[in-house]
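Asks: Single-letter residue listing:
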Amino acid sequence: MNVTFKIKRTSPDRGNGFRWQEFSLKAEPGTAVLAGLYEIQDYQDGTLAFRYSCRGAICGSCAMKINGIAALACKTQISKVAEEGGTVVLEPLLNMPVIKDLVVDQGPFFEEMRKTYPWLIEDHERKPDEPVDYAAGKSAQELDQWNRSAYCIRCQACFSDCPKRRQDQGFVGPEACVEIYKRVYDPREAETAARLKRAGEKGGVFGCARYGNCVKVCPKDVRPMRAILFLQKRFEREK
Amino acid sequence: MFKVKNTVKHEVIVLGAGLAGMSAALRAKERGADVAVLSKVHPVRSHSGAAQGGINAAIKPDDNWKDHMFDTVKGSGYLADQDAVRILCSKAPETVWWLESLGAPFTRQADGTLAQRAFGGQRRNRTCFVADHTGHNLLHTIYEQVLHKEVRVYEEWLATAFLVADKKFRGLLAIDLIKGEMNCIEAKACILATGGACRIFGQSSNALINTGDGLALAYRAGLPIEDLEFFQIHPTGLPNGILMTEGIRGEGGYLLNAGGERFMKNYAPQFMELAPRDQVSRAIQTEINEGRGIEGKYVYLDLRHLGQEKIMSRLPQIRELAIYFAGVDPVTEPIPVRPTAHYTMGGVDVDIEGRTEVEGFFAAGESSCVSVHGANRLGGNSLLETVVYGPRAALSAVKFAKESGWAALPVDQIKAEEARLSSLFARDSGERSADIKKAMEEVVRSRFGLFKDETGMIQGLEKLRELRSRFESVFVPDKGTLFNQSFVHALELGAMLDVALIQAEASLRRRESRGGHFRTDYPLMDNRNFFYHSIVRRGLGGEPEFSTRPVTVEDIPIEAEVKY
Numbered sequence: 000m001n002v003t004f005k006i007k008r009t010s011p012d013r014g015n016g017f018r019w020q021e022f023s024l025k026a027e028p029g030t031a032v033l034a035g036l037y038e039i040q041d042y043q044d045g046t047l048a049f050r051y052s053c054r055g056a057i058c059g060s061c062a063m064k065i066n067g068i069a070a071l072a073c074k075t076q077i078s079k080v081a082e083e084g085g086t087v088v089l090e091p092l093l094n095m096p097v098i099k100d101l102v103v104d105q106g107p108f109f110e111e112m113r114k115t116y117p118w119l120i121e122d123h124e125r126k127p128d129e130p131v132d133y134a135a136g137k138s139a140q141e142l143d144q145w146n147r148s149a150y151c152i153r154c155q156a157c158f159s160d161c162p163k164r165r166q167d168q169g170f171v172g173p174e175a176c177v178e179i180y181k182r183v184y185d186p187r188e189a190e191t192a193a194r195l196k197r198a199g200e201k202g203g204v205f206g207c208a209r210y211g212n213c214v215k216v217c218p219k220d221v222r223p224m225r226a227i228l229f230l231q232k233r234f235e236r237e238k
Numbered sequence: 000m001f002k003v004k005n006t007v008k009h010e011v012i013v014l015g016a017g018l019a020g021m022s023a024a025l026r027a028k029e030r031g032a033d034v035a036v037l038s039k040v041h042p043v044r045s046h047s048g049a050a051q052g053g054i055n056a057a058i059k060p061d062d063n064w065k066d067h068m069f070d071t072v073k074g075s076g077y078l079a080d081q082d083a084v085r086i087l088c089s090k091a092p093e094t095v096w097w098l099e100s101l102g103a104p105f106t107r108q109a110d111g112t113l114a115q116r117a118f119g120g121q122r123r124n125r126t127c128f129v130a131d132h133t134g135h136n137l138l139h140t141i142y143e144q145v146l147h148k149e150v151r152v153y154e155e156w157l158a159t160a161f162l163v164a165d166k167k168f169r170g171l172l173a174i175d176l177i178k179g180e181m182n183c184i185e186a187k188a189c190i191l192a193t194g195g196a197c198r199i200f201g202q203s204s205n206a207l208i209n210t211g212d213g214l215a216l217a218y219r220a221g222l223p224i225e226d227l228e229f230f231q232i233h234p235t236g237l238p239n240g241i242l243m244t245e246g247i248r249g250e251g252g253y254l255l256n257a258g259g260e261r262f263m264k265n266y267a268p269q270f271m272e273l274a275p276r277d278q279v280s281r282a283i284q285t286e287i288n289e290g291r292g293i294e295g296k297y298v299y300l301d302l303r304h305l306g307q308e309k310i311m312s313r314l315p316q317i318r319e320l321a322i323y324f325a326g327v328d329p330v331t332e333p334i335p336v337r338p339t340a341h342y343t344m345g346g347v348d349v350d351i352e353g354r355t356e357v358e359g360f361f362a363a364g365e366s367s368c369v370s371v372h373g374a375n376r377l378g379g380n381s382l383l384e385t386v387v388y389g390p391r392a393a394l395s396a397v398k399f400a401k402e403s404g405w406a407a408l409p410v411d412q413i414k415a416e417e418a419r420l421s422s423l424f425a426r427d428s429g430e431r432s433a434d435i436k437k438a439m440e441e442v443v444r445s446r447f448g449l450f451k452d453e454t455g456m457i458q459g460l461e462k463l464r465e466l467r468s469r470f471e472s473v474f475v476p477d478k479g480t481l482f483n484q485s486f487v488h489a490l491e492l493g494a495m496l497d498v499a500l501i502q503a504e505a506s507l508r509r510r511e512s513r514g515g516h517f518r519t520d521y522p523l524m525d526n527r528n529f530f531y532h533s534i535v536r537r538g539l540g541g542e543p544e545f546s547t548r549p550v551t552v553e554d555i556p557i558e559a560e561v562k563y
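Here the protein sequences come in this chain order: A and B. The first sequence lines up with residues 0 to 238 when you count with numbering that gives the first Met the number 0. The second sequence lines up with residues 0 to 563 when you count with numbering that gives the first Met the number 0.
No lab work stands behind these hints: they were computed from the structure. Quick caveat, the model's predicted, so the values are computed rather than measured.
List of simulated lysine to aspartate or glutamate pairs, EDC-like, C-alpha gap at most 16 Å: (1) Lys2(B) with Asp175(B); (2) Lys401(B) with Asp33(B); (3) Lys178(B) with Asp12(A); (4) Lys238(A) with Glu200(A); (5) Lys114(A) with Glu149(B); (6) Lys148(B) with Glu121(A); (7) Lys59(B) with Glu129(A); (8) Lys126(A) with Glu99(B); (9) Lys59(B) with Asp128(A); (10) Lys478(B) with Asp12(A); (11) Lys437(B) with Glu38(A); (12) Lys5(A) with Glu38(A).
Next up, chain A with everything else stripped away, as it sits in the complex (with noise of 0.2 Å):
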């Protein structure tokens, strides 16, 4: 199929703004996003710039606007999103810094993350061939939403297109949450309270205006506003 790729492009080392342009592609049913991308990199401009690495849909590189939704170029089939002779619409994530093209900066979406401790807080008290069972003290809701969490890829999507972020920076943002709730609903972790306690703070869980755009966007159906409302459930009921 025929198909244009229109891309945002930004290249702050020749000038401010950013300029739209146009790429005409041939696609075989089935090509990704993606790989149109390297098509106009490898044979039209080789000025553009865009990450990627797995192409498989598992390290999150290389999500972008694609037609204005958050999603992986390696997972979006060209032909899902446009008809024979349309436009594709490419842009760079929302909420961070653009560096260049399509590529953002990663470090505010990063440093949220790190700032809810995103590491389990061992139980000294635990040695680790004793069994474990995750369903413990957690509906079969909440142990699936556990297990969904841990698909987050880090991608970054949800973090782009959630509203509140934009609106308020104060909000940590989907998949810090999502961070949150692996932690707090984790059987093994020590500092579950003292989890929970934090995030019912000012810019935690309840920062969440309930847009649903992040279980809209997520490549890997992690649902992080279901995340977010079992925390605030739990939050209240624990408090």
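With the hints as your guide, set chain B onto chain A.
Replies: Below, chain B alone, put in the same frame as chain A:
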């Protein structure tokens, strides 16, 4: 033009931020070293994250690390060094528990103990896993610890040269891709952990970043490269190369030809779909070559008999990959698969402490060759190697760094690298990287793939040399400094061509078949003449020099051939 802008100093620099690199950095930090990690991508984008199946450890009462060792040595075509395998397998249980204690959410059974699944070439269910995204979870778990312990990471820095003088490591040069600046990292010790190089095949399960940069840089710095004729071609990749884990067959998936026949019964009746990977790959390719493939290109991996519930709970990511990257839902349709280049058994020659013959230069993981995989790696042993040998190399590196002083940076080498980068960058016209890359992939795949032979390889080597000389006139279309990917691609292509040439030299000299190296003109294993590790190094004139190193044998006897 390129000039070193900043020079920073660390006692230990780790190159690569996958599981081997980050676990090494953690151990070094724990031991009080000033350590930093450098990676051309953000750590969680590393290829370790793509490992689906699991990590082997003999932790159950009916299992024993000696059995794990036996299976590993046998699966390796007896080429693995048994002292190295002994360490790998005996340390496996404590290493898995260590990962668990860091937070890795290993899948558990109803009674709360760790679940283990069957993997090819092993007589026990020995593979611990986190559903079907084990590597992803381990990588993120280790990264969380890197954040926790505040290890410095130079993200999106591409190393371009090692500084080695008088057989001693001095530092490395790297480009900060975001700023477009060339910097120097001065260090007493370096741990190379840059992963594999299967991108030279084009059709590969490896991430696009797996271009063998570290291997090529080490080779140029004079380090010996061991056993690079051995690449593992994984039996089951989607048409675009993405891996369908062996875990699928561990869960009971069938391989079917166009006639709907479970053809493995004709090749390995005892192990069927779970025969060692090299054997399954050749069986699939033979089916395709002899006209029993689907559309002449694939065979089917069939999961339908497992039922929707099992597929959804045990292999959810696999289902998703099949839907998004091959357009089929494994619940209702078989998945088209074909062999895909998967793992680099060879690498920088290291001893069991991760040391090389260059003082202060250590290596671990897929970019090294210790050798625990010999001619063929067992599934579930690669993640294990990274987390056993990464920290082990770190202990050696820290000890070395604490005991030695700083040496002068070789200014002439820095100047030479500045000139090399500047001249590549300045060229206004010439060859396109992508054209040379495509041609190289075709040569490597057709001449040095699943079936090799003397005539084909000689032609292939000739062609690779020609491509290497065409590379001398490659040009970089982007003349900007920020995030210049066309410059990165040119540098990566240079590395891939070096790796392709080294594996070609090594492949030609091994006139036998063993593990991942199969020659139609010498189809049998030949222990009398080829029971050794091959070593390729850059000679003083720049030409490759070939030598051999004996295989370390302990108590596992070497058989004349591997029988299943």
